[in-house]
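Visitor: Protein sequence lines correspond, in order, to chains A and B. In terms of the numbering used here, the first sequence is residues 11 to 336. In terms of the numbering used here, the second sequence is residues 38 to 303.
Source of the hints: derived by calculation from the structure; they are not laboratory data. Where a beta carbon is used, it is the ideal one built from N, C-alpha and C, also for glycine. One thing to keep in mind: the hints can contain errors.
[Claimed, not checked] Residues from chain B that keep clear of chain A, each with C-beta distances beyond 10 Å, as calculated:
| hint | residue |
| --- | --- |
| 1 | 92 |
| 2 | 108 |
| 3 | 112 |
| 4 | 153 |
| 5 | 192 |
| 6 | 197 |
| 7 | 229 |
| 8 | 232 |
| 9 | 239 |
| 10 | 245 |
[Unchecked claim] Only part of the chain B face toward chain A is listed, based on derived beta-carbon distances under 10 Å:
| hint | residue |
| --- | --- |
| 11 | 51 |
| 12 | 161 |
| 13 | 191 |
| 14 | 210 |
| 15 | 295 |
[As the list claims (entries may be wrong)] Computed footprint of chain A on chain B, listed as stretches where at least three residues anywhere in the stretch have a Cβ under 8 Å from a Cβ of chain A:
| hint | segment |
| --- | --- |
| 16 | 55 to 67 |
| 17 | 218 to 225 |
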Amino acid sequence: MGKIGVLTVSECVDGALDPISAELLGAARKLADELGQKVATAIIGAGVGDAGKDAIAYGADEVYVADDAKYANYQPESYAAIVEQAAKELGPAIILIGQTSIGRDLAPRVAFKLQTGLSTDCISLKLDANSKRMVMSRPVYGGNAMADMISETDPQMATIRVKSQEALAKDDSRTGEVKTIDADADMKTSFVKKVTEEVAGIKLEDADVVVCGGRGIGSEEGFAPLNDLAKALNGAVGASRPPCDNGWIASTQQIGLTGKIVSPTLYFGIALSGASQHMAGCSGSKNIVAINKDAEANIFNVAHYGVVGDYKKILPALIDKVKELL
Amino acid sequence: MNIVVCCKQVPDPEAPPASFKIDEAANKVAPAPGVNQVISPFDEQAVEAALRIKDDQESTVRVITMGADLVSDVVKKPLAMGADELYLLQDEALVDGDSISTAYALATAIQKIGKYDLIICGRQAADWDKGQTGVGIAEELGIPCVTVAKKIEVADGKVKVERVVADGYEVVEVAPPVVVTVSNELGEPRYATLKGIMAAAKKQPTVMTAADIGADTSKTGKAGAKSKLLKLYIPVREGKCEMIEAEDPAEAGSLLAQKLREAKVL
Chain A
11 MGKIGVLTVS ECVDGALDPI SAELLGAARK LADELGQKVA TAIIGAGVGD
61 AGKDAIAYGA DEVYVADDAK YANYQPESYA AIVEQAAKEL GPAIILIGQT
111 SIGRDLAPRV AFKLQTGLST DCISLKLDAN SKRMVMSRPV YGGNAMADMI
161 SETDPQMATI RVKSQEALAK DDSRTGEVKT IDADADMKTS FVKKVTEEVA
211 GIKLEDADVV VCGGRGIGSE EGFAPLNDLA KALNGAVGAS RPPCDNGWIA
261 STQQIGLTGK IVSPTLYFGI ALSGASQHMA GCSGSKNIVA INKDAEANIF
311 NVAHYGVVGD YKKILPALID KVKELL
Chain B
38 MNIVVCCKQV PDPEAPPASF KIDEAANKVA PAPGVNQVIS PFDEQAVEAA
88 LRIKDDQEST VRVITMGADL VSDVVKKPLA MGADELYLLQ DEALVDGDSI
138 STAYALATAI QKIGKYDLII CGRQAADWDK GQTGVGIAEE LGIPCVTVAK
188 KIEVADGKVK VERVVADGYE VVEVAPPVVV TVSNELGEPR YATLKGIMAA
238 AKKQPTVMTA ADIGADTSKT GKAGAKSKLL KLYIPVREGK CEMIEAEDPA
288 EAGSLLAQKL REAKVL
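In isolation and in its complexed conformation, chain B is listed as follows:
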């Protein structure tokens, strides 16, 4: 299997909400001290999904990351986990787009890199949570897409996917090439081994620009975007919590029940 995984670098979504700041003039998130960049968690699970297939059958796993200010140790993590090759799309003309221009750039890069049977993405990125890029890549390439997977099996020339729905999961089958987006129900991504980290350190990513992949820059980044951000802001919260104080936990529990009853919540 020729597998391509798309990974995005994002500010650590586990960082405490208090550390989150916005640069109002730039209409962007202000970089906060102490908040690390990470691979978006669902994308790490996409790498894991690819590696599970590679564990089972002869496969090549190529990872593409597009963005500005990419941190080498961060974007190399998929290599340390066991991916074979890393491609970095670094070009001002490619970033700050919407889902349509991002999907166009990634699809163009995937075609440039070569043969693909299976393209795996996270279900949505942890920063903007749009959940559109995977579908968009499939539409650009004219191939099917299965979203929100918790299991991907490749057998007898078919890709069988368990996709999460509100009350359980659906099993669907599709012939490759196909795009699959994965969800956290897939399970924990593997840790990078020491051997993997050392091997990754030696591997050089292939850095590519819009020109290298032959992208039409009127369709990439901001120029190609159909959606526009008017305003980014932090929502106002009332922050009015009545704390129940008591001598011991049991009394607190009892007091809480009384309070809720008095407030007619119970």
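Chain A with its partners taken away, still in its complex shape:
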């Protein structure tokens, strides 16, 4: 029996662990091994199925499950109460939560209840060699700068950017304990309904090719050749913030700091300047192609391949050639 060094909060969709949960466990495992301590995770939901067992296979030593119909939808006060309870029972040095729709709401609540320092949207974590405190690196000023943060209080809390950490390979031979946890909460916020606005086709986060348009696309119709290119490459279409704000494309397709985080094999940034806030959502892409009229656009500083010119004239020939080659 060792001490719990790191507690993570796992998210669960339809009885299966969300990828971010495995990424958090991967990061937690590394830190805990260095501390010579154990990893615990809390799973909150309704009908979590084998998620507990899977969490062990991804690196957890102990799993605390709150499985109840009342947790089917995210409810801030009750979710926060459970994580607070787990933190008080287990006394971890570190708590890791995903920078997701749920995590970005949940983590500050827990941090304020525990009166401890939280760094949000971190992309790398390491232990200081001497103090063994966790150094959390996070992009600031829209990605123009990086800040290395520490918390002077325990538990040291961080939310972690999606796809910034490596999950361990799933190992079903790993062993661990699954226990239940619950906590009372004054549920002040009532859930009324959820409205899903996902567009048809491949999900942006899962696509291997992402074709992304910016302010320079100019209209809803302007996205037509981007849709054609995505179709030819079996990819998904996304956008920086201006096209979403202008209603040219559904706001669920926004890529960036406050939108979705993508890391496809191939990313096309078309008629977008490459503002840091946008690049925060796609800089993990393996190959970035930039097409922009403005040779001075920032996107060319981060792209691997660049074409200066009008996308309306470039894309049709690109699509024809792609069809010919594939």
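Guided by the hints, dock chain B onto chain A, whose structure is given.
Guide: Chain B alone, transformed into the frame defined by chain A:
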């Protein structure tokens, strides 16, 4: 409705990345010539959310801005948009804090200012992007908080909020007083009218210190912070972009496809 909006002054996030510099000795952002101070964009949307409620029902909109080196024309913008009162928290003891000490100071000021039914903040500030202050104010005041809203409706003594999630939005209901943080999906903030700008010019903000709001300065600013900045730096970028040169755009498109194929990216 008594509405309080928290606004932060930040360096213009739309400024070109090349203008961004860091003062390494001070571990701070170096003020760059030509980069203006603005109200953090999500906070402007928070003002807009408040004014939409005021358009619909009898309301008072009070704005609080905390910080150092506040620029009068910048922080007065919410007044020009239509807010009623402006409170400036200006005190060395209150600035340079983390989310916990900032939320404590703002919550203390909100209680000092008076009655509140609805407190609106931007989802995160455009400089440090932490996204914690709204939740923190609610925790300090012991009231609920709904984050990342795209719509706020007040009716029948309830606050109904549409909050943005990855694949759509959730509708939640809560009884006031409540803190709501808003996102860009709320829509464009209104422009200040000429009449609004003239009215704002005549209005004097109420300037307050830590002592004025009765804050315990061991809990504010740097003294009250639990998080510490070790180092601020500009990340190193490789900057290796292969430019596709061609006679005309069509040829460039075709060449690009070939290049990507040769590199086995396609």
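Visitor: Next step is simple, just say for each hint if it's right about the structure.
Guide: Comparing the hints with the structure gives:
1. Once the 10 Å rule is applied to beta carbons, residue 92 of chain B is consistent with being away from chain A; the minimum gap is 21 Å.
2. Chain A leaves residue 108 of chain B outside its interface by the beta-carbon criterion, the shortest separation being 18 Å against a cut-off of 10 Å.
3. In this structure residue 112 of chain B is separated from chain A by more than 10 Å, as the shortest Cβ-Cβ distance comes to about 20 Å.
4. No Cβ of chain A approaches the Cβ of residue 153 of chain B within 10 Å, the least distance being about 16 Å, so the stated non-interface status holds.
5. At the 10 Å boundary, the C-beta of residue 192 of chain B stays outside the reach of chain A, the nearest C-beta of that chain being 13 Å off.
6. A cut-off of 10 Å between C-beta atoms contradicts the statement that residue 197 of chain B is not in contact with chain A; the least separation is 7 Å.
7. Its beta-carbon lying about 19 Å from the closest one in chain A, residue 229 of chain B satisfies the requirement of being farther than 10 Å from that chain.
8. Every C-beta of chain A lies more than 10 Å from that of residue 232 of chain B, the closest at about 27 Å, which supports listing it as non-interface.
9. Residue placement check: residue 239 of chain B keeps its beta carbon more than 10 Å from all beta carbons of chain A (closest about 33 Å).
10. Here residue 245 of chain B stays apart from chain A, with its beta-carbon at least about 23 Å from theirs, past the 10 Å limit.
11. For residue 51 of chain B, the interface hint holds, since its Cβ comes within 10 Å of a Cβ in chain A; the closest pair sits about 7 Å apart.
12. With 10 Å as the threshold, the beta carbon of residue 161 of chain B comes within range of chain A, its nearest partner Cβ sitting at about 7 Å, so the hint holds.
13. With its C-beta approaching chain A no nearer than about 15 Å, residue 191 of chain B sits outside the 10 Å limit, and its interface hint is violated.
14. Hint status for residue 210 of chain B: holds, given a least beta-carbon distance of 5 Å to chain A, under 10 Å.
15. Residue-level restraint check for residue 295 of chain B holds (minimum Cβ-Cβ distance to chain A is 7 Å; threshold 10 Å).
16. Remark: the segment 55 to 67 of chain B is confirmed as covered by chain A, as 4 of its residues place a Cβ nearer than 8 Å to a Cβ of that chain, reaching the required three.
17. With a threshold of 8 Å between beta carbons, the proposed coverage of the segment 218 to 225 of chain B by chain A holds, since 5 of its residues qualify and at least three are required.
Violated hints for the displayed structure, listed by number in ascending order: 6, 13.
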